[in-house]
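Participant: Given next are the chains, with one letter for each unit.
Number of protein chains: 4
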Amino acid sequence: MTSTLGIAVIGAGRMGADHVRRIGRTVGGARVVAVADPDGDRAKEAVAGLDGVSAHSDAVAAVAAPGVDAVLVASPGPAHEEALLHALARELPVLCEKPLTPDPAGALRVLEAERRLGRRLVQVGFMRRFDAEYERLKELLDGGGIGRPLFLHCRHRNAASPSFFTSDMLISDSVVHEVDAARWLLGQEITAVTVLSPTPSAAAPEGLGDPRFVLLETSGGAIVDVEIFVNCGFGYQVQCEAVGESGSARIGDAQAMVVQSAGRWGGEIAQDFLTRFADAYDRQVRRWVAAAARGRIDGPDVWDGYAAAVVSEAGITAARSGVRTPVELVERPALYR
Amino acid sequence: MTSTLGIAVIGAGRMGADHVRRIGRTVGGARVVAVADPDGDRAKEAVAGLDGVSAHSDAVAAVAAPGVDAVLVASPGPAHEEALLHALARELPVLCEKPLTPDPAGALRVLEAERRLGRRLVQVGFMRRFDAEYERLKELLDGGGIGRPLFLHCRHRNAASPSFFTSDMLISDSVVHEVDAARWLLGQEITAVTVLSPTPSAAAPEGLGDPRFVLLETSGGAIVDVEIFVNCGFGYQVQCEAVGESGSARIGDAQAMVVQSAGRWGGEIAQDFLTRFADAYDRQVRRWVAAAARGRIDGPDVWDGYAAAVVSEAGITAARSGVRTPVELVERPALYR
Amino acid sequence: MTSTLGIAVIGAGRMGADHVRRIGRTVGGARVVAVADPDGDRAKEAVAGLDGVSAHSDAVAAVAAPGVDAVLVASPGPAHEEALLHALARELPVLCEKPLTPDPAGALRVLEAERRLGRRLVQVGFMRRFDAEYERLKELLDGGGIGRPLFLHCRHRNAASPSFFTSDMLISDSVVHEVDAARWLLGQEITAVTVLSPTPSAAAPEGLGDPRFVLLETSGGAIVDVEIFVNCGFGYQVQCEAVGESGSARIGDAQAMVVQSAGRWGGEIAQDFLTRFADAYDRQVRRWVAAAARGRIDGPDVWDGYAAAVVSEAGITAARSGVRTPVELVERPALYR
Amino acid sequence: MTSTLGIAVIGAGRMGADHVRRIGRTVGGARVVAVADPDGDRAKEAVAGLDGVSAHSDAVAAVAAPGVDAVLVASPGPAHEEALLHALARELPVLCEKPLTPDPAGALRVLEAERRLGRRLVQVGFMRRFDAEYERLKELLDGGGIGRPLFLHCRHRNAASPSFFTSDMLISDSVVHEVDAARWLLGQEITAVTVLSPTPSAAAPEGLGDPRFVLLETSGGAIVDVEIFVNCGFGYQVQCEAVGESGSARIGDAQAMVVQSAGRWGGEIAQDFLTRFADAYDRQVRRWVAAAARGRIDGPDVWDGYAAAVVSEAGITAARSGVRTPVELVERPALYR
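Protein chains in written order, with this note's numbering: chain P, 306 to 642; chain G, 306 to 642; chain F, 306 to 642; chain L, 306 to 642.
The set of hints was computed from the structure by calculation and includes no laboratory data.
Remember, predicted model here, so these are calculated numbers, not experimental data.
Watch out, some of these pointers could steer you wrong.
Calculated pairs, EDC-like style, for lysine to aspartate or glutamate (alpha carbon to alpha carbon, straight line, at most 16 angstroms) [to be verified]:
#, chain 1, residue 1, chain 2, residue 2
1, P, Lys-349, P, Asp-363
2, L, Lys-349, L, Asp-323
3, L, Lys-349, L, Asp-363
4, F, Lys-349, F, Asp-323
5, G, Lys-443, F, Asp-363
6, F, Lys-443, G, Glu-573
7, G, Lys-349, G, Asp-323
8, P, Lys-443, L, Asp-323
9, P, Lys-349, P, Asp-323
10, L, Lys-443, P, Glu-573
11, F, Lys-349, F, Asp-363
12, G, Lys-349, G, Asp-363
Covered, in the sense of this in silico footprint (three residues per stretch, anywhere, with C-beta under 8 angstroms from a C-beta of chain G), are these stretches of chain F [unchecked claim]:
#, region
13, 443-454
14, 488-496
15, 552-563
Where is the CB? At the ideal position from N, CA and C, for every residue including glycine.
I would like the entire structure built from these sequences, with the hints used as guidance.
Facilitator: Structure follows, in structure tokens:
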């Protein structure tokens, strides 16, 4: 690579600031040239100490800033569509944090814009696809190492949920990661969702239906079950056991250091997703930078973002109604086959 | 203990013969005095080399044989009711292999007979309650070590199913163990059953709906999910993860010896339930013998056998219909509270 | 088996009383008929509630009591030789708790008595040979599963040492188990011992050289290293990793139940050798009873007891001197080949 | 960071080329500006496709090239001293792959040069200090989590040794990593070395004394034992168990994905140190770049390189003689305290 990719980062909150630091520290061949946040002070703070980076309160201005070769969207979901359409208008490669858009309708508009352009330029930030353990599991499944997959048993646990978390967000913000991971691992679409709601944990804030048990059926006749529990108390944990016709494989046990002390053996549990998936975030951005420099993407695309939005919506309906809810997708455009 | 408990073993098939050997070898304070099997030759074979044991082709005769202080029923399920009623008529303590009876109606008749007697004399052979790992899990849950239980995630796998196995038997013969274990671990009744059926494994015999995913709801608002897969190919495996409000606990990983060789680390998986639960069978019979010598039982009772039969029946209905099926029990008699 | 083996138990301390209970509860085909302890009250206490068992203050009387078919020696080491010689004089099968005798000279006298008799009647209670994990490791090594063994890395840890424990006993009471296990696993003799002494742990009682690191060289060119640490604080732990020319195998991790709670995953560590090796003790006695009924032994013999005594003595010398100490055995009699 | 650190890479073999790629891909704030290799073609190959990087056949020329702010030495050990002295003459920060120099005498000359300069500019590439698992172990030990350390039990295994490997290199190339890790983890110096040599594995090339068991004694009264086995056949494996006065901690088990199939459970073993320590290499260079930009080092220094050279030399002597060999260091200069 003979030149450096100039990146505009849209959104300077927790994720955006993290990406600015990441690009400065662990990504060769790229540098941040513009940062935008409606809170202009936050944008300035994120670029403090960095040379030659402009701060903006407007995403459109940042995308149009001089030297911008690619765009990283880390703003809140409702702001995604506008930033994506601007970047596509300029034919810039994009890495967009999930969700692509909060609802299927918006996702379809982005999909349509890209389809008209005739090139896939937007990558969605489902970073689990870049986690070393998920990659090994995918490789095993694709290689037929355990036969045709029959089940994915998934656990998704957070120590505690933030104050603004709602019952719907258990599906749209948390389980959406399993939705994408399942679609990717299996190479199948989700066809129906059922949600079981046990008596909520005493640790859950008033009114939050936590935990839940989400069942996804797939186009290939497999079953995906997800325990989502965002106030489990003991840490952040993502596990997945794939069961195939001739074997099973489990990731996420994370037994790095085993300590024996005071009558017990064991180890620590990570407390935070940025810790658990630190390497995945790094690898995602490095691979996206390498692809963007060639005008391509290297990861989940707009179709993946759209499908996730549809399944999320069906999941929220299923959780509210308590009954099995079918998932219906538009026909898949040729661009995404 | 100052004398030896004389036991009549009803049924000399695989389980019955195993019990005869067990009592001779690993159970102090007891000895087999009579063995019955409709196939008289099989009964004789089971007692060959044993001194002072009579062989019978009729269960009633064996129960009535001289020196019989207690009865161990290991005949096929449809033969249980008659043997149990005879033993109760003689007020003999009984250990009855599961199922208590094949259907709820028979179980209610046994329950009624015992209720009239006014004493609990029949113990049902749900031997998992005597497994060291299950005992530790029970102790942890009862002690509040992980808070109120929210989920039990269960795996129940066999390397291959016998030729006579049917789709119904996945529920009534296999999942029935999880039904009892869940009721015991949680101290709650099952209130509804849902069964999901993925596309059957290519390894399953024609017509067998294997694997299945069984969801049990409980009176305490917990969810129990069971992957039942009787042709998984790689071995016999029973795992259970309990998830509570403040932690989780998993049993069944069985990592006894770790071998590293040829680019891999790992170990063997048991191939057989008699291997996996050998100690549980031993402990069950030893504790039953000790209790029987005092005219008592020390394990699951007729109510447990009845409840398991009702849930099994509902599970079979749920599997056939594909919809959630409620479980309805008669009122629990005072004797079983 | 058509009759019941009558057993005299010599010694009614912790181990002896444990064996009395074991035979009553978990061993079919045998019963205790006599118990001896110099403290007659302790002998009486051990037989309380048992029918037809005589209590003695004299081992000789117990061995000669009516109905004695076999002898189980669980008295302190210095009392073993007398009991063994009496039992051999009566040609009774013996199970003798380790050590066979406290010193090589006594062991040679027992060996000579047995050699004159021309039959092996004495089995030494190295119960690890009956532990399921050790048995699997032995089977793996014998089957060539990891090639010719090069190393055994051993850990032997106690939560705390009893008040009477001495630095010599780290070798003669604790490491002696690894000495026998290594000889058995490898099928080789120990040829030299070196002992390294790190600065003692602050948790060790004044004057106790705890922990130590013991290096055994074998006749087959393998190295056995043993960390012996009898005040490790966190529990009782016996681990062994065998490293062969093409692989390694480790036992003793004992991860029965994995609990996640309060930011940690892990499990409990057994606190006591009677807990850790409960099944091994049971199996040892059951197999010895079955063999004794046929006038045989089924386990380590007097030669094994003698070799362990010689290595122990060399180990104590090595620990005191700090230098490598060769091990010299008498020629192995034909009876023990 | 407002400018980019220009790096000269000395040596374009496997390690050097790997570092050139690493800096281009995963290190922000730095770029390679010059590469030197006596084989000029190899230097040119390493810089192919990179813009503005000069290729040299002479290390001195590369160090003196325009834009060089720091030097990364990845040439063979005998070439290190010259490159280091040139870099020091120019007061450039250096990251030098281990060994600092092949012998203590050369290390002392570098130490003297740096001492005269009065600043620590040379960092030695013991990359294990940057491995996440080692870092957690170090943190645990420093925090007193398992009390004062008594033992480090180390395993260091390679699938197979390269053709040029010698018995001395088992110590100087392989165990030297444990020497540095032990000194760092314990914060103590090594005071003596003993080496035991089992009968070599049949898998070892003719004449290679593989495996060996190396015992290090430390200034704080701890014992470090290292199994070094460079033809173990099954993979690359680095494990370390620290045993303290109140607990133990083990790293290196690496159980990322657990697969069950064909009667076995388990996972893969890494085959290669660049795979096992990929993240450690990345993190080492990133942290060195950040430090070098401020004229500092952030890792093992010249004293660490010197001490490792002295222990290596003693270890080779100990392996040849078979006897315990003391380690003697010069007085530690104030600069390194």
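Participant: Below or equal to 16 angstroms on CA atoms is what counts here, so check Lys-349 (chain L) against Asp-363 (chain L).
Facilitator: Roughly 12 angstroms separates the two Cα atoms, so the pair holds.
Participant: Sort out whether Glu-573 (chain P) lies within 16 angstroms of Lys-443 (chain L), counting only the CA atoms.
Facilitator: holds (15 angstroms)
Participant: Please verify whether Lys-349 (chain G) and Asp-323 (chain G) have alpha carbons no more than 16 angstroms apart.
Facilitator: Holds, because 14 angstroms separates the two Cα atoms, which is no more than 16 angstroms.
Participant: Between Lys-349 (chain G) and Asp-363 (chain G), is the straight-line Cα distance small enough, at 16 angstroms or below?
Facilitator: holds (12 angstroms)
Participant: Given the hint that Lys-443 (chain F) pairs with Glu-573 (chain G), does the C-alpha gap stay at or below 16 angstroms?
Facilitator: Measuring from Cα to Cα gives roughly 15 angstroms; hence the hint holds.
Participant: Three or more residues of the region 552-563 of chain F near chain G by CB distance under 8 angstroms?
Facilitator: holds (count 10)
Participant: Has the given pair, Lys-443 (chain P) with Asp-323 (chain L), been kept, meaning a C-alpha gap of at most 16 angstroms?
Facilitator: The given pair, whose Cα atoms are some 27 angstroms apart, is violated under the 16 angstroms limit.
Participant: For the pair supplied as a hint, Lys-349 (chain F) and Asp-363 (chain F), is the alpha-carbon distance within the 16 angstroms limit?
Facilitator: Within the cut-off at roughly 12 angstroms; holds.
Participant: Sort out whether Asp-323 (chain F) lies within 16 angstroms of Lys-349 (chain F), counting only the CA atoms.
Facilitator: holds (14 angstroms)
Participant: Given as covered by chain G, does the region 488-496 of chain F meet the bar of three residues or more with CB within less than 8 angstroms?
Facilitator: violated (count 0)
Participant: Given the hinted pair Lys-349 (chain P) and Asp-363 (chain P), is their Cα-Cα distance within 16 angstroms?
Facilitator: holds (12 angstroms)
Participant: Check whether three or more residues of the region 443-454 of chain F sit with their beta carbon closer than 8 angstroms to a beta carbon of chain G.
Facilitator: holds (count 3)
The earlier numbered hints that this structure contradicts are 5, 8 and 14.
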